[in-house]
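Trainee: Residues per chain, in single letters:
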Amino acid sequence: MEKKIDERVVDEIERNHWKTVGKRILKDWRVYVMAIPLIFFFICWRYLPMSGLLIAFKSYDGKDVIGSPWNGFAGFKELMTGSYATTENSFWKAFRNTFTLSFYSMIFGFPMPIILALLFSEIKNETYRSVLQVLSYLPKFVSLVVITTLVNLMCSNGSETMHTSGGPITVLLETIHMIPKGTKLMYQSEYFRPIYQISGIWETAGYGSIVYFAAILSISPTSYEAARMDGASKWAQIKYVTFPGIASTLTIMLILEIGHLLTVGYEKVMLLYSQETYETADVISTFVMRTGGVGDTGSNTGTIGKTIASAADLFNSLIAMLLVIGSNTIARRVSSTSLY
Amino acid sequence: MGGRLDRSEIIFKIISYTLLTIFALFCLYPFIYTISAAISSQDAVDAGKVVIFPIGLQFDAFKYVFEDRSFWLAYTSTLFVTLWGTVWSMFISIFGGYALSKKRIPFNKGLNFFLVFTMWFSAGMIPTLINYQQTRDIFQNIGIVDQKWVVVIAMGLAAYNIILLRNAFSGVPKEIEEAATVDGANEFQIATKVFIPMSKASIATVALFYGISRWNGYFWAKQIMVGEDQIPPLQVFIRNTLDKVLGGEETHSYDGFSVSSLFYAMIVCAVVPIIIIYPFIQKYFAAGVNLGGVKE
Numbered sequence: 001m002e003k004k005i006d007e008r009v010v011d012e013i014e015r016n017h018w019k020t021v022g023k024r025i026l027k028d029w030r031v032y033v034m035a036i037p038l039i040f041f042f043i044c045w046r047y048l049p050m051s052g053l054l055i056a057f058k059s060y061d062g063k064d065v066i067g068s069p070w071n072g073f074a075g076f077k078e079l080m081t082g083s084y085a086t087t088e089n090s091f092w093k094a095f096r097n098t099f100t101l102s103f104y105s106m107i108f109g110f111p112m113p114i115i116l117a118l119l120f121s122e123i124k125n126e127t128y129r130s131v132l133q134v135l136s137y138l139p140k141f142v143s144l145v146v147i148t149t150l151v152n153l154m155c156s157n158g159s160e161t162m163h164t165s166g167g168p169i170t171v172l173l174e175t176i177h178m179i180p181k182g183t184k185l186m187y188q189s190e191y192f193r194p195i196y197q198i199s200g201i202w203e204t205a206g207y208g209s210i211v212y213f214a215a216i217l218s219i220s221p222t223s224y225e226a227a228r229m230d231g232a233s234k235w236a237q238i239k240y241v242t243f244p245g246i247a248s249t250l251t252i253m254l255i256l257e258i259g260h261l262l263t264v265g266y267e268k269v270m271l272l273y274s275q276e277t278y279e280t281a282d283v284i285s286t287f288v289m290r291t292g293g294v295g296d297t298g299s300n301t302g303t304i305g306k307t308i309a310s311a312a313d314l315f316n317s318l319i320a321m322l323l324v325i326g327s328n329t330i331a332r333r334v335s336s337t338s339l340y
Numbered sequence: 001m002g003g004r005l006d007r008s009e010i011i012f013k014i015i016s017y018t019l020l021t022i023f024a025l026f027c028l029y030p031f032i033y034t035i036s037a038a039i040s041s042q043d044a045v046d047a048g049k050v051v052i053f054p055i056g057l058q059f060d061a062f063k064y065v066f067e068d069r070s071f072w073l074a075y076t077s078t079l080f081v082t083l084w085g086t087v088w089s090m091f092i093s094i095f096g097g098y099a100l101s102k103k104r105i106p107f108n109k110g111l112n113f114f115l116v117f118t119m120w121f122s123a124g125m126i127p128t129l130i131n132y133q134q135t136r137d138i139f140q141n142i143g144i145v146d147q148k149w150v151v152v153i154a155m156g157l158a159a160y161n162i163i164l165l166r167n168a169f170s171g172v173p174k175e176i177e178e179a180a181t182v183d184g185a186n187e188f189q190i191a192t193k194v195f196i197p198m199s200k201a202s203i204a205t206v207a208l209f210y211g212i213s214r215w216n217g218y219f220w221a222k223q224i225m226v227g228e229d230q231i232p233p234l235q236v237f238i239r240n241t242l243d244k245v246l247g248g249e250e251t252h253s254y255d256g257f258s259v260s261s262l263f264y265a266m267i268v269c270a271v272v273p274i275i276i277i278y279p280f281i282q283k284y285f286a287a288g289v290n291l292g293g294v295k296e
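Residue numbers (the working numbering), protein chains in the order written: chain A, 1 to 340; chain B, 1 to 296.
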């Protein structure tokens with residue numbers, strides 16, 4: 001008897017809860033209406049494509065994803081241990097290259113914005129400083145096609161038949177004997193990484209310094225005064241005042257960077273690499289493109305290629321997601337700040 | 001700030017001025033070189049003599065670009081995609097961001113997760129391509145044959161930008177909203193007459209981010225706009241021309257200027273709009289970046 005009453009009370013509360021939820025939804029129906037375009041867009045062009053990942057587990061006929069017969073993990077097996085793992089431009093090479101490119105970006109690209117911000121904060125003439133800053137942000141807003149076209153032209157090799165001596169960078173490096181004459185910067189795999197990293201620094205270091213510069217500006221000037229009173233040299237001030245002041249920003253940025261270890265900008269690689277530089281330049285996304293027959297470097301390998309490519313993509317996406325979520329969780333723990 | 005500078009401080013100042021000046025010039029140099037090489041003579045460019053200033057002036061490369069009809073068709077394509085793409089993305093982002101910022105509505109958390117999940121996990125290239133191709137077919141079936149609309153409608157939205165706007169709307173004081181409610185304004189009026197005017201700086205920032213990314217858009221436009229009768233945007237045009245030259249398909253030489261000069265001239269034309277709006281947008285950079293961190 002008693003139990004029944006309890007149940008009835010619970011039911012009543014449940015019903016009331018849903019009644020109030022319903023009421024609140026009705027009251028704010030206009031807010032939901034405003035969210036409709038967003039929901040529509042994300043379902044159509046972000047969530048629906050996810051169903052296409054099933055291709056990785058199917059033998060895809062090139063038309064109907066859902067209707068294709070199941071294939072289990074055969075695609076993954078083929079990708080990781082089969083012919084795609086043993087060929088010259090294998091999946092595992094692309095996997096290693098992805099990590100290597102990201103890793104070098106971190107070693108060279110990560111400290112640059114910090115150094116720049118540190119130096120910017122030293123320039124007290126505001127007009128001059130903003131001129132320098134504005135110039136250094138500029139490359140960030142230029143398209144990748146333009147940047148890579150510039151890189152292609154400026155690093156182009158000379159040609160006997162066309163009577164050209166190559167782009168200005170080739171000419172410069174040849175004059176100072178850093179590269180032997182006749183080097184093809186864009187077509188020799190040992191130069192791909194330096195070109196990728198240096199153009200990357202050119203592109204993003206200035207813009208990346210904004211966040212650190214803001215952090216340095218927020219350090220109270222009295223801290224520096226106090227340090228100076230104690231006779232601290234500039235190096236000591238940087239070590240004991242500036243670095244502790246930007247430590248939290250630095251930690252977050254580093255963690256987030258780690259989270260993006262597997263998301264190498266495929267567009268830039270695609271626009272810079274060529275068959276001759278696959279050795280160092282082929283990353284997972286370009287492997288996917290090539291195998292899946294996407295883009296101008298794609299050789300259409302038929303429908304089996306699409307299965308293999310989707311398997312590689314899914315594998316990549318899953319690890320990338322784990323890295324991003326993991327790094328975000330850590331960032332949140334460390335400083336109660338997270339990107340999302 | 002009182003007192004004389006310590007010796008180490010003077011040294012550091014000198015280093016800062018020197019290195020930053022060098023870095024700024026390093027950032028600027030390719031642009032200067034581009035302009036100079038576009039208007040230098042064929043011999044000077046091909047022999048690699050151009051360093052900073054133009055040598056042996058010619059304006060034929062620019063003239064050639066100005067008279068190239070297909071270049072300007074691609075240019076108008078880009079203008080079209082930039083204009084309508086920004087309008088469409090902003091429409092979704094402003095109202096979507098507004099709804100996401102309303103913590104009081106049921107399922108708000110779910111809606112936020114719905115958005116943020118797409119930043120963690122994406123469908124990947126092949127499924128996305130197939131999806132866009134299907135979208136193109138559907139558009140075709142309902143009579144939209146201009147594939148620029150596929151680029152405008154189905155692409156370009158960035159979850160990050162929507163979150164920037166959500167945060168801006170969350171920052172509007174509650175009292176103002178309550179006052180508007182008391183005055184009898186409905187939610188649409190509150191959004192358009194109170195929240196949007198109060199978040200002008202953030203809206204401008206996001207619009208500029210969208211505008212620039214639309215102007216620079218390349219990859220998916222190239223994959224999707226493949227029909228014979230289609231005019232892909234400028235970036236695709238430049239890259240296709242470059243591919244032809246690099247691939248040796250086009251060995252045709254130009255009268256009076258180097259083939260490199262032709263590209264430099266095209267690049268100048270492609271970058272000029274960004275340089276023009278640049279002075280107006282640079283004050284928003286700091287605001288845009290700082291909004292990115294979410295304090296909870």
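Think of the hints as simulated: they come from the structure by calculation, not from any bench.
These numbers come from a predicted model, not from an experiment.
Mixed in with the good hints there might be a few duds.
Stated by the list, open to error - Partial selection, computed: residues in chain B whose CB lies under 7 Å from chain A:
#1 Asp43
#2 Gly96
#3 Pro106
#4 Phe188
#5 Gly256
#6 Val268
#7 Val272
Claimed, not checked - Derived pair list, reagent style BS3-like, types lysine-lysine, alpha-carbon separation capped at 25 Å:
#8 B:Lys109 to B:Lys49
#9 B:Lys49 to A:Lys181
#10 B:Lys109 to A:Lys23
#11 B:Lys222 to A:Lys27
#12 A:Lys184 to B:Lys102
#13 A:Lys124 to B:Lys49
#14 B:Lys13 to A:Lys27
#15 A:Lys124 to A:Lys239
#16 A:Lys23 to B:Lys102
#17 A:Lys27 to B:Lys283
#18 B:Lys222 to B:Lys244
#19 A:Lys124 to B:Lys193
#20 A:Lys23 to B:Lys174
#21 B:Lys193 to B:Lys222
#22 A:Lys77 to A:Lys93
#23 A:Lys184 to B:Lys49
#24 A:Lys19 to B:Lys244
#25 A:Lys268 to B:Lys200
#26 B:Lys283 to A:Lys239
#27 A:Lys19 to B:Lys103
#28 A:Lys63 to B:Lys174
#29 B:Lys102 to B:Lys13
#30 B:Lys109 to A:Lys140
#31 A:Lys184 to A:Lys268
#32 B:Lys102 to A:Lys140
#33 A:Lys140 to B:Lys222
#34 B:Lys49 to A:Lys27
#35 B:Lys200 to B:Lys174
#36 A:Lys23 to B:Lys103
#37 A:Lys19 to B:Lys102
#38 B:Lys49 to A:Lys268
#39 A:Lys27 to B:Lys193
Glycine included, each C-beta is placed from N, C-alpha and C at the ideal position.
Trainee: Let me make sure I understand: some of the numbered hints might not hold for this structure. Which ones are they, in numerical order?
Mentor: 1, 5, 6, 7, 8, 11, 12, 13, 14, 17, 19, 21, 24, 25, 26, 28, 29, 30, 32, 34, 38
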